[in-house]
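Enquirer: Below are the chains, spelled out letter by letter.
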Amino acid sequence: MKNCLNKEILFNYYHKSLDSKQIIEIKEHLDNCESCQHTLYLIINEISITKSSLNYLNPDLKKIPEFRISKNQLYKKKKLEYGQILSWAASICLLIIFSTLTTKKIIHNQKPVNDYEYFEYVPDMNDAFNNQSISITEYNSNGIPINHEIIRN
Amino acid sequence: MKISFNIIYNQYYKQIYGFIYKLTFSKKDSEDIVQDIFLSLYKEMKKRKTPDNIRAWLYKCAFNKFINTNKKSKPMQLISNMGEFDNISINSIETEIFRDEKRRIITNALSKMSSKEQILLNLYNEEFSYKEISEILEIKFTSVGKTLSRVIEKLATQIKLTSHEELLEQRNII
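Protein chains in written order, with my numbering: chain V, 88 to 240; chain F, 164 to 337.
Source of the hints: derived by calculation from the structure; they are not laboratory data. Please read all numbers here as calculations on a predicted model, not as lab measurements. Every residue, glycine too, gets a C-beta built ideally from N, C-alpha and C. Among the clues, some could well be false.
To be verified - Sample of chain V residues facing chain F (criterion: CB under 7 Å; computed from the structure):
no.	residue
1	D118
2	S140
3	N145
4	P146
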């Protein structure tokens, strides 16, 4: 007969895991197809072999042991929780340090806007060359900047 | 809470033990894993509440524990643990030999399958629905039927083949 069903469909048909329309169609086909009837017979046989084989391995358990729980088994998770808290704290600390350093760097790279900030500003030579100008800062013996000049070409 | 846990423990211990035993073939390993599973359930019940589908929850836990145990240690050696069958009390020697032989054929056939395939077969044997199997093994619902049909065919063929080979060997010996 044409359009024979495959094993998977027949397997699902046997387990009734198809919709009602499909089940009716397969039933009609099976009534007229000896080949599919044989395949279904083989499937049922394989299922029977599998189930009986697995049931044959059932253990011989005479008595259910009493459920016992020790304190160590209960506290095991608490230790894990402390570990988790520590790792969270460490990661937060690292985040704070990193963000502080980044903020400082951003502030440091900003150009001066008033006289006071001139002394704080450390000029970037690349920037100076790009703008075709050179900035000079003089320092006294104590290392304090006393003069800051920008020479433009 | 404690009473309900005891009821669950007594109701499902044998089922879970049987399920694990058919995967490990070791009494000691099975007892350890089952103890671990019920400990997880105890903690779960103490922390939150009883799972909706306790049976499925226990089998899912069993599946995870078995897979983890297999990852940590070497894969369970079926044949090396076969000696434990000797301890089972059987009336006559002939019956004992026959039983051991049959078990050997089945376990040999099972050993040629992957852990997941063995678990799938055992879940099917425990009368779980396709939906429950897909949830426990975390596979697609649509692929359960396909995989099951393939795995059942594989096991049945393997058992038939091994039995046939054994029979031929016996004939040659005689």
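Enquirer: Hints first: check each against the structure and report whether it holds.
Expert: Verification of the hints:
Against a cut-off of 7 Å between C-beta atoms, the interface hint on D118/V is violated, since the closest Cβ of chain F lies about 22 Å away. The restraint placing S140/V at the interface with chain F holds, with a minimum CB-CB distance near 5 Å, inside the 7 Å limit. The restraint placing N145/V at the interface with chain F holds, with a minimum CB-CB distance near 5 Å, inside the 7 Å limit. This hint holds: P146/V has a C-beta 4 Å from the nearest C-beta of chain F, less than the 7 Å allowed.
Hint check: a violation occurs at hint 1 only; the rest are consistent with the structure.
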